[in-house]
Structures are given as structure tokens and as C-alpha cells.
Amino acid sequence: MADGQDKHIDVATGTELKGHEWDGIAELDTPLPRWWLWTFYATILFAIGYVIAYPAIPMLHDYTRGALGWSSRGALDKELAAREAEVAPLRRAIADTAITDLPARPQLMQAAVEGGRAAFKVHCVQCHGSGAAGAKGYPNLNDDDWLWGGDLATIEKTITDGVRNPDHAETRVSIMPAFGRDQLLTGAQVNDVLAHVRVISRQDKTSAASQRGAKVFADNCAVCHGADGKGTRVLGAPNLTDGLWLYGGDAETIRETVWNSRQGVMPRWDDKLDKATIRMLATYVHSLGGGEAAPVEAGNGAQ
Amino acid sequence: MLMSAGSSDLYEKRKGVYPKAVDGFYRRLKWAIMAMTLAIYWGTPWLRWDRGPYAPDQAVLIDLAHRRFYMFAIEIWPHEFYYVAGLLIMAGIGLFLVTSAVGRAWCGYACPQTVWTDLYQHVERAIDGDRNAQIRLAKAPWSAAKLARRLAKWGIWLAIAFATGGAWIFYFADAPGLSHAFWTGGAAPVAYATVAVLTATTFLLGGFMREQVCIYMCPWPRIQTAMLDETSLVVTYKDWRGETRGSVKKAQANPALFGDCIDCNQCVAVCPTGIDIRDGAQVGCITCALCIDACDTVMAQVGRPRGLIDYCTQEDAEAERKGAAPKPVLNRLLRPRTLAYAAVWVSIGAAMLFALSARTRIDIAAQQDRNPIFVRLSDGAIRNAYMVKVRNMEARPRPVTVAVDGLPGAMLWTDAMPREAAAPAVTATVPADSVAKLRLFIAAPAAGTARQDFTFTVRATDREGGGDSEPARFERP
Numbered sequence: 001m002a003d004g005q006d007k008h009i010d011v012a013t014g015t016e017l018k019g020h021e022w023d024g025i026a027e028l029d030t031p032l033p034r035w036w037l038w039t040f041y042a043t044i045l046f047a048i049g050y051v052i053a054y055p056a057i058p059m060l061h062d063y064t065r066g067a068l069g070w071s072s073r074g075a076l077d078k079e080l081a082a083r084e085a086e087v088a089p090l091r092r093a094i095a096d097t098a099i100t101d102l103p104a105r106p107q108l109m110q111a112a113v114e115g116g117r118a119a120f121k122v123h124c125v126q127c128h129g130s131g132a133a134g135a136k137g138y139p140n141l142n143d144d145d146w147l148w149g150g151d152l153a154t155i156e157k158t159i160t161d162g163v164r165n166p167d168h169a170e171t172r173v174s175i176m177p178a179f180g181r182d183q184l185l186t187g188a189q190v191n192d193v194l195a196h197v198r199v200i201s202r203q204d205k206t207s208a209a210s211q212r213g214a215k216v217f218a219d220n221c222a223v224c225h226g227a228d229g230k231g232t233r234v235l236g237a238p239n240l241t242d243g244l245w246l247y248g249g250d251a252e253t254i255r256e257t258v259w260n261s262r263q264g265v266m267p268r269w270d271d272k273l274d275k276a277t278i279r280m281l282a283t284y285v286h287s288l289g290g291g292e293a294a295p296v297e298a299g300n301g302a303q
Numbered sequence: 001m002l003m004s005a006g007s008s009d010l011y012e013k014r015k016g017v018y019p020k021a022v023d024g025f026y027r028r029l030k031w032a033i034m035a036m037t038l039a040i041y042w043g044t045p046w047l048r049w050d051r052g053p054y055a056p057d058q059a060v061l062i063d064l065a066h067r068r069f070y071m072f073a074i075e076i077w078p079h080e081f082y083y084v085a086g087l088l089i090m091a092g093i094g095l096f097l098v099t100s101a102v103g104r105a106w107c108g109y110a111c112p113q114t115v116w117t118d119l120y121q122h123v124e125r126a127i128d129g130d131r132n133a134q135i136r137l138a139k140a141p142w143s144a145a146k147l148a149r150r151l152a153k154w155g156i157w158l159a160i161a162f163a164t165g166g167a168w169i170f171y172f173a174d175a176p177g178l179s180h181a182f183w184t185g186g187a188a189p190v191a192y193a194t195v196a197v198l199t200a201t202t203f204l205l206g207g208f209m210r211e212q213v214c215i216y217m218c219p220w221p222r223i224q225t226a227m228l229d230e231t232s233l234v235v236t237y238k239d240w241r242g243e244t245r246g247s248v249k250k251a252q253a254n255p256a257l258f259g260d261c262i263d264c265n266q267c268v269a270v271c272p273t274g275i276d277i278r279d280g281a282q283v284g285c286i287t288c289a290l291c292i293d294a295c296d297t298v299m300a301q302v303g304r305p306r307g308l309i310d311y312c313t314q315e316d317a318e319a320e321r322k323g324a325a326p327k328p329v330l331n332r333l334l335r336p337r338t339l340a341y342a343a344v345w346v347s348i349g350a351a352m353l354f355a356l357s358a359r360t361r362i363d364i365a366a367q368q369d370r371n372p373i374f375v376r377l378s379d380g381a382i383r384n385a386y387m388v389k390v391r392n393m394e395a396r397p398r399p400v401t402v403a404v405d406g407l408p409g410a411m412l413w414t415d416a417m418p419r420e421a422a423a424p425a426v427t428a429t430v431p432a433d434s435v436a437k438l439r440l441f442i443a444a445p446a447a448g449t450a451r452q453d454f455t456f457t458v459r460a461t462d463r464e465g466g467g468d469s470e471p472a473r474f475e476r477p
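If you read the protein sequences in the order shown, they are chains A and B.
Position 179 (the first sequence) corresponds to 179 in full-length UniProt numbering; numbering is contiguous.
Position 268 (the second sequence) corresponds to 268 in full-length UniProt numbering; numbering is contiguous.
Just so you know, these hints were derived from the structure itself, not from any lab.
The reader is advised that the hints may include incorrect statements.
[What the hints assert, rightly or not] What the simulated footprint calls covered on chain A by chain B, stretch by stretch (three residues with Cβ under 8 Å from a Cβ of chain B suffice, anywhere in the stretch; the number is not a length): (1) 35-43; (2) 137-149; (3) 189-201.
[Claimed, not checked] Here are the simulated DSS-like cross-link-like pairs (lysine-lysine), alpha carbons at most 30 Å apart as the crow flies: (4) 250(B) to 20(B); (5) 250(B) to 121(A); (6) 18(A) to 121(A); (7) 20(B) to 153(B); (8) 215(A) to 205(A); (9) 139(B) to 153(B); (10) 121(A) to 136(A); (11) 322(B) to 250(B); (12) 121(A) to 437(B); (13) 437(B) to 250(B); (14) 18(A) to 15(B); (15) 13(B) to 18(A).
It should be emphasised that the depicted structure is a prediction, and the values quoted were computed from it without experimental measurement.
C-beta: ideal position from N, C-alpha, C; glycine also.
My request is simple: use the sequences and hints to build the entire structure.
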């Protein structure tokens with residue numbers, strides 16, 4: 001075909017035409033600059049190299065792995081390991097610093113709170129909820145009401161040893177008797193004492209039943225909950241006079257609590273998590289808004 | 001298939017362009033603009049501007065690490081990026097304005113590709129000699145002498161390229177500090193990488209790609225082609241005066257047959273993009289006007305009037321062809337189109353200046369904790385938590401008071417203080433030129449609407465004062 005006989009030249013540009021034409025539109029034969037072609041060849045070479053070096057071609061059951069042995073999973077593992085190594089000194093520093101000394105080191109404290117925030121999302125949200133707001137039977141960790149105490153060291157001990165773990169000697173234990181089921185109180189006495197609790201928690205007005213209940217309370221309940229019903233933290237006995245209830249403050253729920261008792265359980269974490277993680281969790285829980293200062297007298301803490 | 005139309009080459013080899021040295025008005029203008037633009041490029045990072053102890057003292061600094069843009073007295077934060085967008089829009093409209101007034105002046109004089117190519121070509125002439133010597137050397141077989149010349153030229157090019165790439169990074173960090181760190185090996189890897197990439201591209205684009213960048217890579221010539229009209233200044237060969245071309249001798253023998261063009265080819269020899277301007281306006285012409293200088297020199301030598309090749313609009317060309325006088329320059333510049341571009345350009349600039357002078361330098365933003373939305377406290381009160389950010393855009397620490405408006409009985413405290421210290425307002429000191437994050441707890445009586453709107457207010461308690469407010473919401477069970 002290339003006979004040079006019917007060379008068409010475009011008049012306006014002086015450029016040769018390709019020779020084909022559609023509806024009067026013809027194509028100019030403008031060659032590429034050479035560097036353009038080189039660039040094109042370079043991309044082809046790059047593609048070949050890439051296919052050899054990296055995973056590229058899908059096979060029936062597998063794929064070509066590439067000479068470099070790179071995989072996205074491997075890259076992730078490497079990144080995670082690098083991150084782990086990066087934070088290792090920080091974790092060590094947190095593990096080596098007593099929790100009561102952490103607030104004096106704001107940077108370490110902040111790192112601990114952030115680490116605790118992440119660990120909480122993994123280990124604690126199943127019961128306490130993602131916002132640590134708890135649920136019936138699972139305490140809200142945002143408020144200022146604590147069963148065992150809300151200072152850093154106490155929170156750390158609670159997380160470390162858990163509550164009512166049957167196989168752990170150090171665990172926090174408090175056993176409220178099942179006053180009704182075990183026939184320590186009669187049905188009428190239970191009704192009276194719940195009326196009294198409703199009064200000291202400022203939900204009901206004083207009545208004859210509540211006055212009878214005050215006597216029952218003093219005889220049976222005050223030993224743990226205190227004469228005024230404000231609770232005793234070393235015994236894990238809740239404050240009955242505030243507005244916060246772990247199971248509920250309505251008459252029916254209180255009756256059930258007194259009748260059957262409540263024996264909520266929290267796992268011990270010292271056999272699952274390392275010291276640093278537990279410490280970080282404690283600082284995070286403390287930071288949620290209800291954290292308390294360390295008690296001035298430390299002698300009362302042992303149990 | 002590919003061979004069907006008779007042409008057998010898939011590509012076109014680059015035709016070497018060896019522009020000849022020339023002197024004249026436009027060449028001198030180009031010298032001046034080159035000196036100015038290069039001085040601005042290399043000098044700007046070293047200018048100092050005192051901003052006090054809390055901010056860098058570099059006059060122009062794009063501080064990516066701290067997300068600040070400093071330009072003399074102006075400091076821009078990321079949320080004020082619209083100022084930068086405004087500057088870019090002004091630059092774009094400025095190009096339109098220049099194009100509508102004086103054609104492709106940007107391409108011919110100020111574009112970095114033009115400036116650096118020009119610089120490289122001067123180096124080339126210093127090493128290899130002028131056009132003819134360059135062509136001879138290019139054709140000569142490789143020898144020790146040729147290699148020596150090539151290495152010398154490439155070496156100087158590389159040095160210029162390195163200085164070019166090296167200067168770029170100084171816009172992004174403190175220039176003296178970075179300069180020291182760079183030479184002692186202590187600068188960030190990205191600094192070295194940036195210098196390496198820009199050195200390579202400068203070397204390649206200025207030394208070897210040159211006019212190919214303008215003709216094949218750059219979108220701007222295509223846009224300009226669309227923007228030029230019959231009233232735009234373009235470099236024009238006045239064919240009605242020049243044709244028919246012929247040597248001085250021929251013209252003397254037969255004056256009636258020949259025009260002013262003596263076909264000396266000087267306009268082609270000096271062209272940095274290797275075109276023949278006598279073919280008419282074309283995309284390859286960057287309107288650097290060196291052919292005007294070349295032609296004027298020749299016309300002076302043969303005793304004919306200057307301006308056979310000259311800046312001229314298409315309208316004027318038509319008029320001159322018919323023997324009429326061209327429009328006066330002022331008439332050409334003050335057209336509705338140039339005036340409209342100028343008006344838009346000026347009004348954007350004025351609006352930005354106004355906004356800059358009126359902007360507040362203290363700012364509050366509040367985000368409510370969503371999980372949990374509220375917490376009941378043991379005394380029956382309801383607590384909401386907020387992340388309050390107070391932004392201090394001044395280059396000095398400022399004491400502020402954060403309070404709430406429209407939430408009766410509200411008590412505020414932060415996570416750094418016990419609830420016993422709660423008060424109707426909290427005070428804080430916001431460090432210079434930064435954002436203070438306060439985790440703020442608010443307790444309010446449980447009685448009230450489930451969703452109560454209120455306002456956070458921040459007030460600077462120093463002498464200058466000033467403040468800001470932000471609507472927020474308090475939620476109850």
C-alpha cells in the first residue's frame with residue numbers, strides 16, 4: 001500500500017494525512033516525539049519487572065508470589081511488629097512506674113490513658129459498653145459512684161484481681177446474704193426494709209413500714225452498708241442513699257436484690273493481660289470523669 | 001495497518017535547536033526579568049521577619065509539620081486555606097489578564113521553564129560557542145575534546161539544577177537551620193529526596209527537553225491558543241512588507257519584485273523553540289520576541305526600517321495590510337475584556353485583604369461526647385462531657401475564660417481538676433499559636449428539657465480581649 005503515489009497532504013498544516021477519511025474528516029499523520037516512545041517502552045519494561053518482583057498473576061489455586069516475596073499480610077505483620085517495638089519502651093516505663101506516681105508524669109499518664117482507651121475497646125466493652133456506661137448489673141464507670149473505690153490504685157487492684165473469682169485468693173469478695181431465699185428475714189421484714197431503703201434514697205416518704213424497716217436495717221444491713229446506708233467500700237457494699245443503682249432502685253428490683261442477693265462477677269485480668277495494659281486500663285477508667293484522688297490515709301486499704 | 005498510509009516512522013526524532021545569541025531591547029528585558037525571577041526564587045527563603053519568640057522568623061515559610069503558612073505579616077492556618085485558594089485564583093486570573101493584554105508574555109519571559117532553559121542555553125554558549133559551533137560539535141564524532149566539553153556543560157547544568165532543587169526545600173523549613181542540617185547529613189530524608197527529584201527534573205527539562213515541554217507537555221499553550229483573539233498581541237512577521245523575500249543584491253537589481261525580508265534566516269536561528277515565525281502564529285511560539293531583536297538588527301544593517309517582525313495584533317495586521325494605521329497602544333490595552341479581568345482580579349484581592357484585616361484571632365469549637373451522651377451523678381445531677389478546643393492564633397500565650405450561656409445551674413470543671421473545684425466558668429492559658437484542648441465536664445440539675453441548647457463562650461482576659469462563641473447542646477435522660 002505504501003506506494004507514495006497517493007500521498008495526501010493537508011493544505012492548512014502541510015502535514016501528511018493517514019489516508020483514511022470518515023464523513024470528510026481525515027487524520028493527520030503526526031508522529032510522536034521520540035522521547036514519548038521511549039517513555040512508553042520504559043513503562044513496558046517497568047511492568048515486566050513489576051510482574052516478576054511482586055505478586056501479580058492469578059493461577060487456578062494460587063498466584064505468582066513474586067521474586068521479592070512481598071505480601072500485604074507480611075507487610076502488615078512487619079508494620080505491627082515495628083509499632084510494637086516502638087511502644088515497647090513506653091510500656092516498660094508504665095509497667096515500672098507505680099500507678100500512684102503516674103499523675104506526676106503527665107506525658108506517661110497521657111500515653112497510659114490513650115493505651116487504656118484502646119485496650120478497653122478490646123477487653124472491657126463486652127460488659128461495660130463501648131462508652132463504659134455499663135448496663136444493669138454492670139457498673140457505669142463514668143459516674144462518681146464506686147463499689148470498691150475510685151482512686152487509681154483501687155481501680156487497678158479491681159481490674160487485676162477481679163470480683164468474686166472462685167479460683168483466685170486475692171479476688172475482691174463480698175457476699176450479701178440471700179435474706180429471703182435463705183429465710184433470714186420474713187417476707188414482711190423484706191417489705192419493711194425495702195421501704196426503708198426507698199426512704200433513705202429519697203424516693204419515698206417515711207411510712208410505718210419504713211419505720212419498722214429501719215430497725216430491720218440496723219440489725220441486718222448496717223454491718224456492711226453502714227448505719228446511714230452510705231455503704232462501706234472495703235466491703236464492696238454499695239451506697240444505698242444516692243441516686244445510682246447497679247440493678248435498679250424501684251421497689252420490685254430492691255425486693256429481688258434483698259430476697260436473692262446479687263453476686264456479680266468480674267474476671268481477674270492479671271492472668272490475661274500484662275501489668276502495663278492493666279495499669280493503662282486503670283488510668284483510662286479513672287479519666288472517664290469519676291476518678292477520685294488517692295485517699296490520704298493508706299492504712300485502710302488492706303482487706 | 002500501521003504502515004498503510006505511507007509513513008513508516010512511529011516517532012519523530014527531536015530536531016536539535018541551537019539558538020544563536022542575539023542582543024536587543026527584548027533580549028535585555030529578558031535578562032532583567034531572568035535576574036529578577038531567579039533572585040526572588042533563591043533569595044526569598046533567606047528573608048527574615050520578626051514575629052516574636054513563639055513563631056518562626058522566616059518571612060515566607062510553608063510549615064507543613066505545624067500546618068502554618070507564613071507570608072510576611074500574614075499567618076494562615078489550615079482552616080483558612082481559602083486564602084491560599086484565593087491567591088491561586090488571583091494567579092489564574094492574573095494569567096488571563098496578562099494574556100488578554102500582552103499575549104503569551106508569561107511563556108516568553110517569566111515561566112520557569114523559559115527562565116531555566118534560557119539560563120542553560122547561556123551556559124551552553126559559554127562552553128560550546130554560539131549556534132554554528134554547537135551544530136558542528138553535535139555532528140562531530142565523540143572525541144576526548146567533545147567529551148570534555150560535554151562533561152563541563154553537564155557539570156555546570158547539574159550544579160544549577162542542584163541549586164534549584166536545593167532552594168526549593170528552604171521554603172518549607174527554617175532556611176539557615178535546614179541548610180546546616182542538609183550539609184551535615186541531619187536533614188529529613190524527604191528533604192534529600194525532594195532535592196534529588198527537583199535536581200533531576202531541572203537538569204532534564206532545562207538541558208534536554210526544553211521546547212518539547214512547551215509544545216508537548218504543557219497545557220498552558222493550548223489554553224492560551226484558545227484565549228488569544230484578533231486583539232491579542234502576538235509576534236507577527238509582516239508578510240505584506242516582507243514578501244517576496246530576496247537578497248539585498250537581488251532587491252537592488254529589481255526593487256519592485258522584492259519586499260523587505262532578505263531571507264537571512266536570523267529569526268529562525270535565534271528562536272529557542274526552533275520555529276520559523278514567518279509561517280505565522282503557531283503553538284510553538286512562546287513570544288519571547290528574540291526574533292524581533294534579530295530582525296531589527298539586520299534591518300538596521302541593511303538600512304531598512306525596524307519592525308518587519310514585531311508585536312502586533314491580528315486586527316492591526318489586517319489594518320496595516322490595507323495601509324491603515326494601527327490602533328494606539330492604550331486603546332488596545334484598555335479593552336472591556338482586560339478591564340473585566342483587572343476588575344475581577346482587584347476585587348478578589350480587595351476582598352481577601354478585607355477578610356484578612358477583619359478575621360478574629362481567637363476561636364472556640366466544642367464537640368459533645370456521644371457515648372455516653374449523659375451520666376447521672378450520685379447527687380442526682382446530670383453530667384455531659386465536651387471536647388472544647390480554644391484556638392489562639394496570636395503568637396503569644398493568652399489567658400482565656402470559658403463559660404456557658406443559657407444553661408441555668410451549670411457547673412464546669414475539666415479533667416485536670418476535681419469536681420469540688422467546679423465553677424460557672426473555667427480559666428485556661430492557651431499557648432502561643434496553638435489549639436488548647438479542654439476536656440470539659442458540665443453538671444446541671446436533672447430537671448429540665450431533655451435537649452437544651454446553650455452557648456459556649458470564650459473570652460480572652462488579657463488587654464486586647466476578644467472572644468468567640470459556639471452553640472452546643474446539653475442532654476438529659
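Structure-based check of each hint:
For the segment 35-43 of chain A, the assignment as covered by chain B holds, since 3 residues bring a beta-carbon within under 8 Å of that chain's beta-carbons and 3 suffice. Using a Cβ-Cβ cut-off of 8 Å, 5 residues of the segment 137-149 of chain A lie near chain B, which meets the minimum of three, so the contact claim holds. Figure legend: the segment 189-201 of chain A, annotated as covered by chain B; annotation inconsistent (0 residues with Cβ-Cβ distances under 8 Å, at least 3 required). Distance check on the hinted pair: residue 250(B) and residue 20(B) sit about 26 Å apart at the alpha-carbon level, within 30 Å; holds.
For the hint pairing residue 250(B) with residue 121(A), the CA-to-CA distance comes to about 95 Å; that exceeds 30 Å, so the pair is violated. Distance check on the hinted pair: residue 18(A) and residue 121(A) sit about 68 Å apart at the alpha-carbon level, beyond 30 Å; violated. Note on residue 20(B) and residue 153(B): the hinted pairing holds, with a Cα-Cα distance of about 17 Å set against a maximum of 30 Å. For the suggested pair residue 215(A) and residue 205(A), the alpha carbons sit about 17 Å apart, so the restraint of at most 30 Å is met.
Distance restraint check for residue 139(B) and residue 153(B): the Cα-Cα separation of roughly 17 Å lies within the 30 Å cut-off, and the hinted pair is therefore satisfied. Between residue 121(A) and residue 136(A) the CA atoms are separated by roughly 19 Å; this keeps the pair inside 30 Å, and the hint holds. Annotation: proposed proximity of residue 322(B) to residue 250(B) holds, straight-line Cα distance about 26 Å (limit 30 Å). Restraint check for residue 121(A) and residue 437(B): satisfied, since their Cα atoms lie roughly 23 Å apart, inside the 30 Å limit.
This hinted pair does not check out: residue 437(B) and residue 250(B) have alpha carbons roughly 87 Å apart, beyond 30 Å. Annotation: proposed proximity of residue 18(A) to residue 15(B) holds, straight-line Cα distance about 22 Å (limit 30 Å). Restraint check for residue 13(B) and residue 18(A): satisfied, since their Cα atoms lie roughly 19 Å apart, inside the 30 Å limit.
Violated hints, in rising order: 3, 5, 6, 13; the structure is consistent with all others.
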